[in-house]
Structure formats: C-alpha cells, structure tokens
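Engineer: Two chains, two frames, some hints: make the complex.
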Amino acid sequence: MGAWIRTLWDAALFRTEAYERLRDRRDAFMQGFFVIVVVALLVGLPGFVTQLARSFRPPEAEIADARSGFQAVMDGIAPFLGQMGLPAEAQGPILEQAKANFESVATMIAEIEALPAVLPRPVGKTLTAFGAWVSQPFGAAGFPLSAAVLATWLGYGIWVMLAAKLMGGRGTLTGFFGTTALFAVPHVLDFFRWVPYVGAFLGFVAFIWGLAIYVKATAVSHQFRPALGFLALVLPVIVVALLSILLIFGVGAVALIAGLAGQGS
Amino acid sequence: MGNRTLSPGLVLRALFLDSEAYAELRDDDNPFIEGLFLLVIIGVLTALLAMIGQLLAWASTPNLAAIKDVVFRNLQQMPWWSMSSGAPGFAEEFRRWYDLGWQVIPAMSGAPNPAGAAVNILLWPLNMLVSWLIYGVLAHLFARMLGGQGRLGQTMGLTALAFTPMLLRGLEFIPFLVIGSVTATWQLLLRYKAVRTAHGLTWGRAFWATMLPFAVYLLFWLILGGTVAAVVALIVGR
Chain S
0 MGAWIRTLWD AALFRTEAYE RLRDRRDAFM QGFFVIVVVA LLVGLPGFVT
50 QLARSFRPPE AEIADARSGF QAVMDGIAPF LGQMGLPAEA QGPILEQAKA
100 NFESVATMIA EIEALPAVLP RPVGKTLTAF GAWVSQPFGA AGFPLSAAVL
150 ATWLGYGIWV MLAAKLMGGR GTLTGFFGTT ALFAVPHVLD FFRWVPYVGA
200 FLGFVAFIWG LAIYVKATAV SHQFRPALGF LALVLPVIVV ALLSILLIFG
250 VGAVALIAGL AGQGS
Chain V
0 MGNRTLSPGL VLRALFLDSE AYAELRDDDN PFIEGLFLLV IIGVLTALLA
50 MIGQLLAWAS TPNLAAIKDV VFRNLQQMPW WSMSSGAPGF AEEFRRWYDL
100 GWQVIPAMSG APNPAGAAVN ILLWPLNMLV SWLIYGVLAH LFARMLGGQG
150 RLGQTMGLTA LAFTPMLLRG LEFIPFLVIG SVTATWQLLL RYKAVRTAHG
200 LTWGRAFWAT MLPFAVYLLF WLILGGTVAA VVALIVGR
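Which chain is which? The protein sequence lines are S and V, in order. Under numbering that gives the first Met the number 0, residue 264 is the last one in the first sequence; the count climbs by one each step, no gaps. Under numbering that gives the first Met the number 0, residue 237 is the last one in the second sequence; the count climbs by one each step, no gaps.
Honestly, I wouldn't trust all of these hints.
List of simulated lysine to aspartate or glutamate pairs, EDC-like, C-alpha gap at most 16 Å [to be verified]:
no., chain 1, residue 1, chain 2, residue 2
1, S, Lys124, S, Glu61
2, S, Lys98, S, Asp74
3, V, Lys67, S, Glu112
4, S, Lys164, S, Glu112
5, S, Lys124, S, Glu112
6, V, Lys67, S, Asp64
If you are wondering where the hints come from, they were derived from the structure by calculation, not from laboratory data.
Isolated chain V (complex conformation) (with noise of 0.2 Å):
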C-alpha cells in the first residue's frame, strides 16, 4: 500500500472548496481506498456524535407514553369531546387513530431516539457506500462519454471527498440541533469540482457529468413507480 494522502487538514481544505486537496487525491496512487477509507470515517464517526446528542436530548425530554397519556386525558375534558363521545364507536375509533398517530409522528418529528441513533452508526456509513458507489460510477460514465481522461478509481476518491459536508450531522451531538438540507445542496457544489478535477473538463461539460446521473436516479424511480402501479392495477382488475 501506498503513501496515505488523506488528512484532517485534506479533508477540512475539500470540505472548503479548496481545488489543490482534490488535485492532491487525485494525484495518490490509490483514491479509491482513500475515499472509502474517509467514508467509512465520516459514518461511523457523525453517527457516533449524534448518538451522543439524540442521548442528550432523550434525557432531557419526558417519557413519551407520559405525555401522550396526559395528552389523551386533556383531549377529553375538551368540549369538542363531550359533544362527539355520544356517537357510537367514536371513543373507540379515536383511541385507535390517537394510538397510531403517537407511533408515526414522533419518529416523524425528530423526537429523541438513541436506540435509532445507535443503528445509525452502521447504517450511515452503509448508505454513504451504497450512494457512493452508485454515483462515483455513474458520474464516471457521464464524464468519460463528455471526454474526461480520468480513470475510476480517481472518480471515486474524488467523488468521497464530495461527502465531507455530512461532518456538519457530527454537529449534532449538541441536543435539539437541526442541520437541513444544507449539506445536499454542499455536496452537489463539491462533486462538481470532484468530476472536474478528476476528468479536467470544462464547467460546462462537468456540469452535464455531475447532474446526468440525477437524471438516470428520476428515470429509474419512474420506470419502478410506474411498474408498481401497473401490477397494481393489474392486480386490483382482476
């Protein structure tokens, strides 16, 4: 094995835009194994964080089955409630719908969970590689079609190091911080300059090669959503 190009400082200059940390990657003898290397890293290590947030915010929250039982109590001192309880059933019907409402919309919510937050610390790294994988060799595809002269393995770094932003989730190891889709919008910036440094295109045709696969996900959740529907609706004709 070669010499190890991937840094703290590497990786902070990628985060920022920096074009010299992508050359740099570029440039080691094997960016393939650095960029799975650096995700592995950045999954385990967010996720690990916000298991420490998700712990902080929990024990600074009352059990959830209390406040639903004070919450269901309230809701039938309410004047709204005597004037429908004479229905027939209702009491029951609402109790069925309530109950299943306080499963779905906590979760929905964000509402503390650190046996999920604790799940996360194999699933985040998991779907960073999956979509990782996809994309690096998608993004590989567009830009040799559009003429780059990369090779797959500097893709593939380079398009890892399009994953730093997700460090901001390790933020969240402070309870009750909300991150958005502000890295989404970060990593797009950054596999833009990752299939531009690999391939040395020009901005037009690295924008065609970082958007393209994009545009094979739609098409194929298209082909898929499209497909349920017709067994769907084949199977609801019969």
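Pulled out of the complex, with its shape left as it was, chain S reads as follows (with noise of 0.2 Å):
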C-alpha cells in the first residue's frame, strides 16, 4: 500500500520512472482501474456522508431548510423582476402563485416520506445513500477528463489511443489506459468540492494538472516527446470540433439552397 501510494505521488510530480514502472506492469490496467475506482470513492466520500447525516433528519426539517433556501431565492428574484420593468403590482401575484406552488410541492414531498416501505426507512435511506456513493466511479464526467471516472478515462482514451498510434506510437493498450488513469490522481482536491470558492478553484486545478499529468503518460506510455502527447491528447477534440462545424456549416448549405431553390420555383 505504502509503495502504491508512493508511486502515485511520484507520479503527480511528474517523476517519469513512476510512469515507466506502471507501463511495464503487466497488470497496468487493473494498477489503472483501481486509481480511478479509489479516487472517485474519495472524492464522493464526503457527499456520501452528508446524505447520510441527511437522511437522518427529519423530513420537516429537510423541508424547513429548502423553504428558508427557496426565500432566499425569492428575495433575490424580486428586485430582478423590476430590473426587468414588471410593475410592482404584478410582482406581488408571481411571487404569491411561486411560493403556493412550493408549499405544494414541499407537501407532496412530506407525504411520500412519510409513505411506508418494507424495509424500515433508515435502512431504505442508507441504501440510498450508500448505492449512489459506489456510483461514483461509473458516473459521467461534463468534459473529457475533467473528473475521476471511468467513463472519461476509458471513454477519451479509446480516442487518444487511437490519435497516438496513428502518430507512430509504440504503446500497448495494458501500458497506456494503466499510466493515463494517474490523471485522476490530483483530482483527490475534488474532495474539497463542497468547499464554497475554495472547491471550485481546487478542482480547477485538479483538472489543469490532470491533463498535464495525461501529456506525460501518453509521451511516456508511446515514448513520444511531451509536445506529441500534447497533440494526441488534443487531436479528438480538435477533429470532434471540425466535425461540428463542417455538419453546422454542411446543414445550413443544405437549408439556404432548399430556400433559394423554395424561392425560385
């Protein structure tokens, strides 16, 4: 465990032997699976422990929580609504209609936990909790490896695998996904993510030196110099991109001549 921990700090120092022993493993892809399978537990850890405590609560208080929120809301709505030239007669009944419709819902919510089930409703909510945790490592990421999870790091690296080789790239595919899943290695300051200010900015620098960390063990895992992992690393969303526009640019050509052809006839 120490020696694991150790190559993983190596490696977030961008220490090359750290990713050369990983790529020469032969069970570099299980190394690899169980980096992002542990770091994505992390990172959800404290989420985990927070729907915990939550499911706890009472279900009134739960309640009376996302009604000071939904207030809170409320308050910064209205001036917004003048801003927008609404009269302050007319504010009043959106506001009121708003506001009747939360309480409905929040009802509506009461009655459903209060709802029986089979098994007792701690047990019910800890399962809950306790299964989207373990989700974690399957779940989606918003932008290519920008998050600790599987999808990303097998989902894009298919592509950049896929680039490298067509560049001359002489890595396996053991060797690679098992030295690129350590991009997911300084994504553990997502664990700060519920921090206000603070957790955004960490996992913004999370994601900055997990790519940086991705140019290298590409470069490292196809023994290319860094400014070609650079490029393997940017070459799917860069044809992803073009693709785009070309079927952007593809479609409107389409519709102008169908309309110029409309015109004619």
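Structural biologist: Next comes the structure, spelled out in structure tokens:
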C-alpha cells in the first residue's frame, strides 16, 4: 500500500520512473482501474456522509431548510423582476403563485416520505446513499478528463490511443490505460468541492494538473516527446470540433439551397 | 471433451486486458465451447446478483401506486390546477396522460422492478449469446478478409472473453448502484484485444476488423429504417 501511494505521489510530481514502472507492469490496466475507483470513492465520501446525515433528519427539518433556501431565491428575484420593467403590483401575484407551488411540492414530499416501505426508513435511506456513493466511479464527466471516473478514462482514452497510434506511437493498451489513469491522482482535490469558492478553484487546479499528467503518461507510454503527447490528447477534441463545424455548415448550406430553390419555383 | 482452460483467474485477467489470458484461450482445444459456457455463466450470475439489488431497492421504496396518488392529490391543490380545471374535459384528459406517464416513466427511470429482474435471468444470457454470435461471425469474416489467420472457434472464444466487463453488472446487488455505459467502452477494448490475439493482425487491421461489424449494424438499421419508412409512406399515400 505504501509503495502504491508512493508511485501515485511520484506520478503527481511528474517523475518519469513512476510512469515507466507502471507502463511495464503486466497488470497496468488493473492498477489504473483501481486508481480511478479509489479516487472517485474518496471524492464522493463527503457527499455520502452528508446524504447519510440528512437521511436521518426528520423530513420536516429538510423541508424547513429548503423553504429558507427558496425564500432567499425569491428575495433575490424580486429586484430582478423590477429591473425587467415588471410593475410592482404585477410582481406580487407571481411571487405568491411561486410560493404556493413550493408549498404544494413540500407537502407532496412530506407525504411521500411518510409512506411506509418494507424495510425501515433509515435502512432504505442508508442503502440509497450507499448506492449513490459506490456509483461515483461509474458516473459521467461533464467534459473529457474533468473528473476521476471510468467513463472518461476509457471513453476519451480510446480516441487518444487511436490518435497516438496514428502518430506512430508504440504503446500497448495496458501500458497506455495504466499510465493515463494517473490523471485521476490530482482529482483527490475534488474532495473539497463542497467548500464554497475554494472547492471550485481546487477543482480547476486538479483538472489542469490532471491534463498535464495525462500528456506525460501518453508520452511515456508511447515513447513520444511531450509535445506529441499533447497533440494526441487534443487531436480528438479538434477533430470533433471540425466535424461539428462542417456539419453545421453542411446543414446550413442545404437549408440555404432548399430556401433558394423554394423562392425560385 | 478436452481440458478446461477457463477459470475465474483467467476471466479476471482477461477483464484487465492481460494478453496471456487471451493467448491461453486461443490455444485451447475448443475455445467456442469455453466461450459459450462463459457467456451463460456471466449472464445468469450477474442477473441473479442484480435481482438481489432490485429486491432490496423495492423493499426500500414506498409503493409506487401510493406515490402516484399522493402526487396527483397534491397536483390538484396547486394554483395552476384551479386555473386550468375550468376548461371542459381538462380533468379527464389530464388524468389520462398522467396515468399513461406513470406506466412509462417508472420503467424508464429505473424504478425497482424485481419481476423484470427475474426475467433478466433468461434475457441477459440470451441477449449476450445473440450479440456474441452475430459480432463474432462478422468480426471473424472481416479479420480473415484483412489477412487474419485465426479459426472461427478461436475468434468466438476470444470475443466471448470480451463480455467480461458485463461482470460489473453483478455489482448491482448493491441497491441503487448505477453502472452506466462504461461496460460498452470496456467491451470494445477487449474485442480489439480478442480479434488481434485470435488472428495475429497488426494494430491497424485489428482495429478495422473490430470496428467494421458496427458499420454492418449501422447499415442494417439504416436499410430497415428506410424500408419501414417506405412502407409507411406507401400505406399513408394510398
């Protein structure tokens, strides 16, 4: 365990030997898989604990919290409605209706929470929170490599691997996926994403740091210069962007021709 | 019947892209039978485990019919309801769509369904077998066209190993766990590994032999869609 953590630390510090050692391991892919899973579970831990703690609170307390949050949003919206030119006498009914709708939804949730189930409520809530937590490694990343999840590691990795191979890379699947999984290491910083402002900043740092590790890992696994590793990383995004532009222009051109033909006839 | 190459260790090594696991099965005296056996085991085992998860999820969730009634009753208390309910036929029409929605949405949103999970004990292995047979034969044909040297039995045996990511679905014995689409991507990687090992192709040829069956699928669906559209247009045009 100590050696494993030392390898991850060395990788985070861009020490080439750490990447080479992992690349040459027969079980590199499995190692990569476990790096992603461990980091994802660690990052999801605060969410799990929070959800667990909340599930043991009475529903009324949760609804009271939601009500105060809703009221804060309403207080923020009122001046905005004024700025939009809505007269003060028209604002009242809109806000009243929104409040009435919120209260109906709150009542609905309280009634659903009170419905009986086969298992006692705390057991069910614990299972729900646990299921959501262990789903973390299997979740999706909003943007390629922006989170330590298996889908982006494999899904984006396939395209980078293909680009690297087309550029003459000599890496194996196991070596490539094993080393590129190290991009997840800085994402342990996402553990703090619940902290206002600081969490978002640390998330951004983790993303950039993770990308740099990915470039290094691609270069080492394919025995490239780092510049080629970078090119292999961005090539799939560039190709997708170019194809999207071509598609948009193509559809636009067809629509234009169809429009002109319609005018002519 | 010859020696049994398949073992839990080999399956695990194949899942994690170990080249030797693929080579061992390729050199087996009957890789096809080993592959067939593996798929049935994976399908039945994972479906059984997932059923445990579905049962636990079902036991943790209140009755859906009761939830449906609570939601409907509270919808009727909302301001928009009193504004809309004056319109003739609104209440009946709304109730009709509401009932229809509750038939569709729970199934689509993954609401606990132990009965459906029990049916999967049959459906999952069957689905995997059909998918394996079609993909394996197509991949073999393309691999041979690209200069591959493997036998059909070897291609089939090794492409069966590519179904090992489906074992992750066994984790669904944990209720409310969502595996997502990662198994499909993982499976694609293993299919490439399987085709390459079975036929001794270069990476580029193995890539095309792995991907071209999907082009055939796409073509098939396009032809089918086009035919259905043409038939519908013909019927409507009459």
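Engineer: Each hint needs a verdict: does it hold in this structure or not?
Structural biologist: Here's how the hints hold up against the structure:
Of the pairs offered as hints, the one joining Lys124/S and Glu61/S holds, with about 14 Å between alpha carbons and a cut-off of 16 Å not exceeded. For a cut-off of 16 Å, the pair hint linking Lys98/S to Asp74/S stands: about 12 Å separates their Cα positions. For the proposed pair Lys67/V and Glu112/S, the alpha carbon gap of about 13 Å is at most 16 Å, so the pair holds. Taking the CA atoms of Lys164/S and Glu112/S, the gap is near 54 Å; set against the 16 Å cutoff, the hint is violated.
For a cut-off of 16 Å, the pair hint linking Lys124/S to Glu112/S stands: about 11 Å separates their Cα positions. A threshold of 16 Å between alpha carbons decides the hint, and for Lys67/V with Asp64/S the separation of about 25 Å lies outside it, so the pair is violated.
Comparing the model with each earlier hint shows violations of hints 4 and 6; every other hint is respected.
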